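Asker: So the sequence lines, in the order shown, correspond to chains A and B. The opening position of the first sequence corresponds to residue 1 in my numbering, with each subsequent residue numbered one higher. The opening position of the second sequence corresponds to residue 1 in my numbering, with each subsequent residue numbered one higher.
Since the hints were derived computationally from the structure, they do not count as laboratory data. Quick caveat, the model's predicted, so the values are computed rather than measured. Even glycine gets a Cβ: it sits at the ideal position worked out from N, Cα and C. Treat the hints loosely; a few may be bogus.
[To be verified] Some, not all, of what chain A presents toward chain B, calculated at C-beta under 10 Å: (1) Met-24; (2) Leu-52; (3) Phe-106.
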Amino acid sequence: MNAVEIWVTIVMMTAVTVATRTVMLVFGDRIPLPERVQHALRFAPACALTALIAPELLTEGGAWAISLANAKLVAGAIAIAVMLATRSMVATMGLGMAAYLALRHFG
Amino acid sequence: MIGRWLFGRAPAVAHARRAAWLQGLRVVAPALVALAAWGLVTGVAMVKSGLTQWQALGMSALMFAGSAQLASLPLIAAGAPVWVVLLTTAVVNLRFVIFTAGLHPYFRHLPVGRRMLLGYVTGDVSFALAVSRWSTEPLPAQGSRERTWFYLGICSGTWLTWQASSVAGIFLGGGIPAGWGLDFVAILALLALVLPMIAGAPTIAGALVAGVVAVLAAGVPLKLGLVVAVLAGIGVAMAADVLLDRLQAKR
């Protein structure tokens, strides 16, 4: 993308973001949200973020890379363990990044 | 001067507004450390994934949406089509449709412009803090000045913290060599965000399928594999949801 395209994308992403955050506050009395729809809206972000993260950790150059030599996978696994154990976002990002940098520089 | 502009001229009203606003700030204060770390990381990730400092500043100031910003970075860097970037932004932000639907009863009485402003400044933290506090009380027939200004207090804290820490990250990130691989911090930040979301059998099933399909389709050009993976994940999660309901109905 060139500079103009990136700016246009940023502005359009802003419009999408504002739309998702204001639609129910503006039209809340007129749009019913059945329970099934509410559930679907809750599943969607988890699916999207997982789909985004998984290839970053599990592939290298478009091929499976499940090995201890894959620094991103090992650091990601450490980050997951830290998050599940401590529930601390700061610790997760800090220790995950420390592990990644250490593996890249000394691995 | 600023006080009068913020809270209005009528002394009694201004006093009530200021008190509720300060209370919101007090409630949000403990959560601001984690938010600042998150903003700092987002700032660094934006410039390390290839945005210029001006683009990163613009993205932060306009969007005010950490997860959607971080999610868009690898897509923009990979040259994905704009519609894929926008679709991802929309899906990642879908949780706010539910969040703001939950806030609607409290702000129903306000003019449209005010409601849109309150929606715009809503984030995960502000929603969670406000609703966890209000949900113990019965739903009001009418929103109150105290609630509106309490919420504004929370959101002032999150907005200012987010912008300040992002700006710090953007300038800090500019000074760190690209060879360090600091763009990876965006993935770790998304990981820390998504793990608490993955609760309950339907979401677990959906996330697993989305992850596996995304890896299998990683070689597909233009990140279209991502779109397929997300749709497959949502489909499986919804099917699991229906199935669970049926099983429970039988019992």
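Asker: Does each hint fit the structure? Answer for all of them.
Answerer: Quick rundown of the hints versus the structure:
no.	hint	result
1	Met-24	holds (4 Å)
2	Leu-52	holds (6 Å)
3	Phe-106	violated (14 Å)
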